[in-house]
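Residue numbers (our numbering), protein chains in the order written: chain A, 3 to 325; chain B, 34 to 116; chain C, 20 to 444.
Bear in mind the hints are in silico, worked out from the structure with no lab data behind them.
Don't take each hint at face value.
Said to hold, decoys possible - Between beta-carbon pairs, the in silico distance windows are: (1) C:ARG158 x A:GLN109: 16 to 26 Å; (2) C:ARG164 x B:SER73: 30 to 40 Å; (3) A:GLU279 x C:ALA234: 40 to 50 Å.
To be verified - Interface residues of chain C toward chain A, partial, derived using beta-carbon atoms under 8 Å: (4) SER160; (5) PRO161; (6) LEU162; (7) ARG165; (8) ALA178; (9) GLY181; (10) HIS436.
Claimed, not checked - Some residues of chain B that are not near chain C, with every Cβ distance over 12 Å (derived): (11) ALA36; (12) ASP60; (13) GLY62.
Heads up, the beta-carbon is just placed ideally off N, CA and C, and yes, glycines get one too.
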Amino acid sequence: MTTTYREAMRAALRDALVRDDRVFLMGEDVGRYGGCFAVSLGLLDEFGPERVRDTPLSESGFVGAGIGAALGGMRPIVEVMTVNFSMLALDQIVNNAATLLHMSGGQFNVPVVIRMTTGAGRQLAAQHSHSLEAWYAHVPGIRVVAPATLDDARGMLWTAVCDPDPVIVFEHGSLYNTSGELADDAGPTDLDRAAIRRPGTDLTLIAYGGTLGKALDAAEALTADGIDAEVVDLRTLRPLDTATFVESVTRTHRAVVVDEGWRTGSLSAEISAQITENAFYDLDAPVARVCSVEVPMPYARHLEEAALPQVPDIVAAAKELGG
Amino acid sequence: MNADETRTLLARLLRGIAPEVDLDTVDPGAPLQEEAELDSMDFLNLVNALYDETGIEIPERDYPRIATVEGFVGYVSALSTTA
Amino acid sequence: MPSLGADMEAGTVLEWRVQPGDTVHRGDIVAVVDTEKSTIEVEVFEDGVVEELLAAPGDELPVGAPLARIAAAPAAPAPDRRPARAPAGTPRRKHAEAKPARTGTPRRTRPAARRSPAEAARSRAAPRAPRPPGAAPVRASPLARRRAAERHVDLADIAGSGPGGAVVAADLDRAPSDGERAPGTPSEAAEPGTPAAADEEREDRQAAMRHAIGALMARSAREIPHYHLATTIDLSAALTWLTAANERRSVAERLLPGALLLKATARAAIEVPAVNGFWVDDAFQAAPAVHLGVAVALRGGGLIAPALHDADRLTLDELMSALRDLVGRARAGRLRSSEMSDPTLTVTNLGEQGVEEVHGVIYAPQVALVGFGRVTDQPWASQGMLGVRPTVRATLAADHRVSDGLVGARFLNALDHLLQSPEDL
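Whole structure, please, built from the sequences with the hints as guidance.
Structure below.
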């Protein structure tokens with residue numbers, strides 16, 4: 003069936019609520035309003051206010067409540083409107099959710115799922131356009147995933163709910179309206195492996211979330227120059243599936259990492275380091291990176307577009323590497 | 034060979050083995066091996082060199098008698114006079 | 020430039036014993052090289068004809084740098100004796116056929132930074148020298164470097180198409196195939212050093228040797244988990260036999276107790292092979308033969324431990340004469356390259372210096388070191404009787420990554436047993 007990323011995500015939420023009565027959804031405007039991005043539209047009517055809960059505008063409070071509920075045996079799915087608001091809950095996530103299993107000597111795990119929208123491209127300006135996935139991917143004790151396809155939007159949530167430890171799901175804002183075919187029986191997917199979305203022989207483009215589509219478009223454009231690019235979708239940002247992209251680079255000998263985060267201290271930096279550590283003698287060119295320009299995200303459309311990684315940037319970086 | 038000649042011969046043989054050793058600075062009553070830092074290979078080479086030069090063959094059991102410069106000179110000059 | 024011991028980083032060519040055109044056989048001495056430790060005669064590993072000398076006397080080269088080029092088969096017709104250093108731009112010739120120089124692009128250019136000024140000048144005069152003097156070292160990707168090494172291709176020959184003009188793997192594939200270059204053919208000479216002033220040489224050598232020994236021993240102490248064992252061995256049988264044997268011998272044929280100890284050590288190493296070999300790439304490699312490194316103290320300080328080859332298979336007379344030759348040449352600074360690189364187990368005898376026992380540091384990458392102290396008369400109980408016997412303290416320092424104390428103990432016991440039957444050594 004043809005569906006959108008938003009609908010696939012909603013189907014996943016409905017599936018989780020149906021499968022396990024310990025699951026409930028909470029966050030700002032998730033109920034009556036149907037979610038800021040309309041992901042949970044209709045779920046309040048279907049499951050009632052006990053299981054689809056609107057919360058006050060206090061990220062620290064409701065993320066903390068979600069962690070508490072998880073400790074109490076529930077399987078909460080907490081929606082934080084956008085990643086910038088999660089800064090207000092950073093203490094709950096980094097100091098509590100990520101640490102309690104460790105600090106209780108393994109007695110208390112925190113099976114909470116925290117969903118949030120990330121990324122730019124919708125003229126939401128400097129305060130609502132961040133890609134801060136790397137911050138969370140830095141922290142041991144939490145799993146960080148970035149569904150970039152309809153299958154993953156449909157399939158990652160249930161696996162995340164089943165995970166005994168905290169999982170953060172980053173949904174790139176530009177993806178909700180993307181549409182495509184999804185199998186009627188599409189179901190849960192793993193949260194462990196990166197995926198090769200397009201096989202190729204000359205070069206590896208490594209992307210995730212909002213940049214996967216751009217990488218695939220760039221790979222298509224590169225065929226005009228006779229360059230056959232492989233595209234790796236990281237899918238899980240922590241723990242990174244290093245083996246998959248290292249294996250790919252070992253075959254293609256070249257890598258371009260596409261990351262909407264700012265270059266300095268980004269996930270792309272970590273990936274580049276992993277490639278250098280693990281595939282140095284197979285590299286035929288330096289690892290290249292295409293990242294966001296290091297400025298607060300501009301509001302003006304043409305400036306925002308200039309600040310973000312775009313298909314021509316990826317193509318240019320790939321051609322620069324030769325081969 | 035008198036004592037002086039024997040001493041001169043010893044000085045010459047020693048130069049081939051331990052070039053930096055000056056026989057004049059060696060205590061004639063002290064053990065030569067220690068004074069000149071000769072190991073057993075060096076000492077064997079000295080005995081061998083003496084044999085090559087003079088035909089005098091010192092048996093191992095007499096090594097203690099030639100262990101000092103004094104002893105060496107006395108032993109060798111006595112032998113070469115009687116010979 | 021061969022590695023003449025694990026502590027060697029570079030050597031200086033002192034003289035050539037061969038000239039271009041000379042036929043050489045494996046084992047021939049082709050050059051004399053000065054290392055931090057000693058003057059070494061370098062042996063050749065291949066049969067062939069010397070085609071070109073790539074270093075002049077006085078040149079200092081890092082370990083691994085080519086010294087000369089040797090054609091695998093004799094070139095016919097016999098080439099004229101060429102000057103010691105052929106012009107750098109000379110194209111390579113096919114070894115087997117000795118054709119005139121190939122027409123076309125010169126195939127070999129070395130980065131100017133690694134050439135002598137004279138060579139660089141010649142290369143400027145040569146046609147189409149692609150790299151001007153002062154050019155940076157070759158830029159090449161890690162993959163291209165790896166492939167070039169595998170294929171014995173000189174990266175300086177390749178035009179780079181990668182980022183910043185770097186050579187990438189595809190450039191190697193585009194390069195002409197390398198049929199006429201024998202595998203392992205050296206392709207570059209290193210920058211020659213300036214010979215040190217003669218009167219400073221001795222002090223420099225002392226300091227350099229101290230530095231070299233220090234570096235190696237520090238590495239050994241840091242990396243090798245040593246264990247130490249000691250035992251006292253009754254030498255009365257050995258020395259009685261030796262005294263009687265020497266009675267019958269001329270001065271030139273006399274044996275030293277040290278020869279017995281070396282022979283017994285070599286035989287014990289055959290019985291307990293875990294002490295004889297090398298620690299390489301995180302694993303023990305047992306040595307197929309016993310080449311004892313004999314620690315020789317040099318007059319004026321320093322230490323060198325050249326190999327007494329196949330010590331287990333030499334008769335005592337052969338061993339004594341080999342030992343005499345080796346010690347003599349070690350002190351005269353005339354050791355051969357194989358003697359520097361081959362030792363599989365080192366023996367140090369500090370008895371001459373009067374100490375009773377030695378707790379040694381293993382000479383990496385070897386895995387054990389055998390020490391002997393002074394022969395002293397000791398009260399000795401045997402068969403219920405107390406007597407006075409000449410004894411020696413034998414010690415073993417061994418690498419715990421390779422063996423345990425039990426194995427080390429078996430070695431010392433074997434050594435003891437062997438020394439009780441000197442007539443069988």
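Tested hints:
no.	hint	result
1	C:ARG158 x A:GLN109: 16 to 26 Å	violated, 57 Å
2	C:ARG164 x B:SER73: 30 to 40 Å	violated, 53 Å
3	A:GLU279 x C:ALA234: 40 to 50 Å	violated, 28 Å
4	SER160	holds, 4 Å
5	PRO161	holds, 5 Å
6	LEU162	holds, 4 Å
7	ARG165	holds, 5 Å
8	ALA178	violated, 13 Å
9	GLY181	holds, 5 Å
10	HIS436	violated, 51 Å
11	ALA36	holds, 23 Å
12	ASP60	holds, 18 Å
13	GLY62	holds, 19 Å
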